[in-house]
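Given the structure of chain C, go ahead and fit chain X onto it with the hints provided.
Listed below, chain by chain, are the residues.
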Amino acid sequence: MIEYVLSSLGFMIALMLQYGIFSRWTLLSGSADIVLLFIIALCLNSDAKRLWILILIFGAIVGAISALPFYVPLLFYFAVFLSAQQIRKRIMQTPLLSMYLLTFISTLAWHGINIALLFVKRVPFDLSTALFEILLPSVLLNILLSLLIHSIVQEGSRMISPRGAEA
Amino acid sequence: MRNLLSPKNIRNLIIVTIVIGLIVIALSGYLTPVFSFLFSPTISTQSWLSQRYIAFREFFTSPRDMATLRAQNQALEQEVAQLQSEIVALQENLSQASILYTLLDFARTHPEHEYIAATVIGREISPYLQYVIIDKGSNHGIRYGMPVVTQEGLVGRIDAVIANASRVKLITDASMAVNVRLKAADVEAQIHGSITGEITLDLIPQDVEVQLGEVLLTSGLGGTYPPNIFVGQVLSMQSKQNTLFQTGSVQPVVDFHGLSAVLVISNFNVVDITPLEP
Chain C
11 MIEYVLSSLG
21 FMIALMLQYG
31 IFSRWTLLSG
41 SADIVLLFII
51 ALCLNSDAKR
61 LWILILIFGA
71 IVGAISALPF
81 YVPLLFYFAV
91 FLSAQQIRKR
101 IMQTPLLSMY
111 LLTFISTLAW
121 HGINIALLFV
131 KRVPFDLSTA
141 LFEILLPSVL
151 LNILLSLLIH
161 SIVQEGSRMI
171 SPRGAEA
Chain X
17 MRNLLSPKNI
27 RNLIIVTIVI
37 GLIVIALSGY
47 LTPVFSFLFS
57 PTISTQSWLS
67 QRYIAFREFF
77 TSPRDMATLR
87 AQNQALEQEV
97 AQLQSEIVAL
107 QENLSQASIL
117 YTLLDFARTH
127 PEHEYIAATV
137 IGREISPYLQ
147 YVIIDKGSNH
157 GIRYGMPVVT
167 QEGLVGRIDA
177 VIANASRVKL
187 ITDASMAVNV
197 RLKAADVEAQ
207 IHGSITGEIT
217 LDLIPQDVEV
227 QLGEVLLTSG
237 LGGTYPPNIF
247 VGQVLSMQSK
257 QNTLFQTGSV
267 QPVVDFHGLS
277 AVLVISNFNV
287 VDITPLEP
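In the order they appear, the protein sequences are chains C and X. Under the numbering used here, the first residue of the first sequence carries the number 11, and numbering increases by one thereafter. Under the numbering used here, the first residue of the second sequence carries the number 17, and numbering increases by one thereafter.
Excised from the complex, chain X in its bound form:
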């Protein structure tokens, strides 16, 4: 008992009591202002030091990271550009394939002819003339005068040929005349082009009644084009009493402004009637 109440034990007991008391006071939050006052300079100093360290580290490490990121970004951008160009190429191929499929369908529905498919690569420099340039020439079997069609209908005929390209004179050209047949009325007529690319219908007798929307097919007269190729539809008719024939305007089936691919009929023998003309 004497040993238990020795001065040393009492001192230790007081210290333990004070420590436990301080812990209890600290846990209960009464010492927070004291801690704040004591730790604030330390935290500020630590914060300053930490910021300087981070800045110091970034100064040496960031350029390497930026360079890596830039390289990666460039590589990804290149990959994106490559993929985009591949998409464009695939879309182009798809578009080309759909055109070729349509042309193939046309060729299948007209098996009596042999066709050479060609792409339109240019248009005549003079706005008064309606010609296009195609990418197939004499090396591919194309000859002067061959008729040119699309899946929609008649386009024109070959006007000039070199080894790997040809010039096609469109039926919309002002100097062009094509013999046609009105399908329902069963009447022969003629269409003419113009300098602006519009097509007019001519040589229809006055007594023939022509319905708007009447289908025009090639008649085969003159030997320049095969018969029964779709040309267009009658858009309007004009009839004057003091003239021999009716005239009209024609809506061509082929979109001549958006012409991108054509078929050249290679096995049609053009009959040259020039010597017989008066």
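Bound conformation, chain C alone:
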């Protein structure tokens, strides 16, 4: 139970930091997404059985606040959760590599979805601008911050449930 409470608390802190600081802290026009990084790190480090419910709630909260359609963050974060489960099964021994890999793929996918939504809404924009001024700087910032977020979440997860303690 404590894991769910602390995960929710961590998510709220990440959300506030994202909206208050990181969305304004831009490289060209790209920005880091620490909410996404927190969710990836949580999915890779948490052993909670009903984490998927928490992820859906997190997605719903972001969907409610964001100007994006409500279901987009909801489904995307759940997809990140499923991807993290698959990656944990395959490269369990190197969590940092998993974090980097999932951060890279998820950021690309998240930006791909954003660009697709612009296409669907028929919003005129320049694709090369989107790639070079938003996507690539965002990927760089996310990769740089992923180590920090992963370390924080991993330490927090170890403090709550030390590895091997349940065995």
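I should point out that these hints are in silico values taken from the structure, not numbers from a laboratory. Don't take every hint at face value.
Stated by the list, open to error - Which stretches of chain X does chain C cover? Using the computed rule of at least three CB atoms under 8 Å from a CB of chain C, they are:
| no. | segment |
| --- | --- |
| 1 | 141 to 151 |
| 2 | 182 to 195 |
| 3 | 209 to 219 |
To be verified - On the chain C side, residues computed to face chain X include the following (Cβ under 7 Å):
| no. | residue |
| --- | --- |
| 4 | Ser33 |
| 5 | Arg34 |
| 6 | Leu78 |
| 7 | Ile144 |
| 8 | Ser161 |
All values reported here derive from a predicted model rather than from experimental measurement. The beta-carbon is built from N, C-alpha and C at its ideal position, and this holds for glycine as well.
Structure of chain X alone, referenced to chain C:
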């Protein structure tokens, strides 16, 4: 006379003479080596004893002094920290007050509108969308579609409202189009946002000569914004022969990256022309 030269008096006289002589010799400095030789062991012993005593006294008294000093130091540090935080709070209040004064000036110069002041508390999570979150919502009288300005000019309009917060769609958003008027040329045009937050000017006929630095004001067409709100200045113009209209880039008057406080125009009735659109 016999009594004066008695052996006793002569002895006393000799003693007095010797003492006076020794004093005179001592005062003249001739006995210094002798004194040094005699007093040196005493001084050394006294010095050793004094040092041991001081060490002994410090051993018992210093901890109490250190504890007192530490407590005093801690109290002073706390006081300094408190004063520093008060200074920061006062500076913050001063900054906030100056912003509010400027907003108030704007409200005074545009008395035809009613305003609700709000603070910007967040920015949209998607870097492709240009939205901000403000700390006033429906409980404060804010409704969907209300125009949002600052003392500098047009910011955007209310896009979503909850009880105590609202989401503002900025004029720099890629899906945003605002009808404007070029003040000097007296020509209607339209501005568009972009995914990177830049603003472009469009729909200017080819025969119109636009000066760089030309002021853009809202035209009021479309019923979304009140007329004559400052939007920006023309930064550059591009004219191609095979196109119907000229385009240009606009320097907005509002610093959208440093947006901290805004005014929501609460008495402007937004006209919804969506049903009339083809």
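Results for each hint:
Remark: the segment 141 to 151 of chain X is confirmed as covered by chain C, as 7 of its residues place a Cβ nearer than 8 Å to a Cβ of that chain, reaching the required three. For the segment 182 to 195 of chain X, the assignment as covered by chain C holds, since 4 residues bring a beta-carbon within under 8 Å of that chain's beta-carbons and 3 suffice. Counting residues of the segment 209 to 219 of chain X whose CB falls under 8 Å from any CB of chain C gives 4; the rule of at least 3 is met. A hinted interface residue such as Ser33(C) counts as satisfied when its beta carbon comes closer than 7 Å to some beta carbon of chain X; here the least separation is about 4 Å, so the hint holds.
The criterion of a C-beta within 7 Å of any C-beta in chain X is met by Arg34(C), whose closest approach is roughly 5 Å, and the hint holds. The beta carbon of Leu78(C) comes within 6 Å of a beta carbon in chain X, closer than 7 Å, and the hint placing it at the interface holds. Hint status for Ile144(C) relative to chain X: holds, with the closest Cβ pair at about 5 Å, below 7 Å. Residue-level restraint check for Ser161(C) is violated (minimum Cβ-Cβ distance to chain X is 23 Å; threshold 7 Å).
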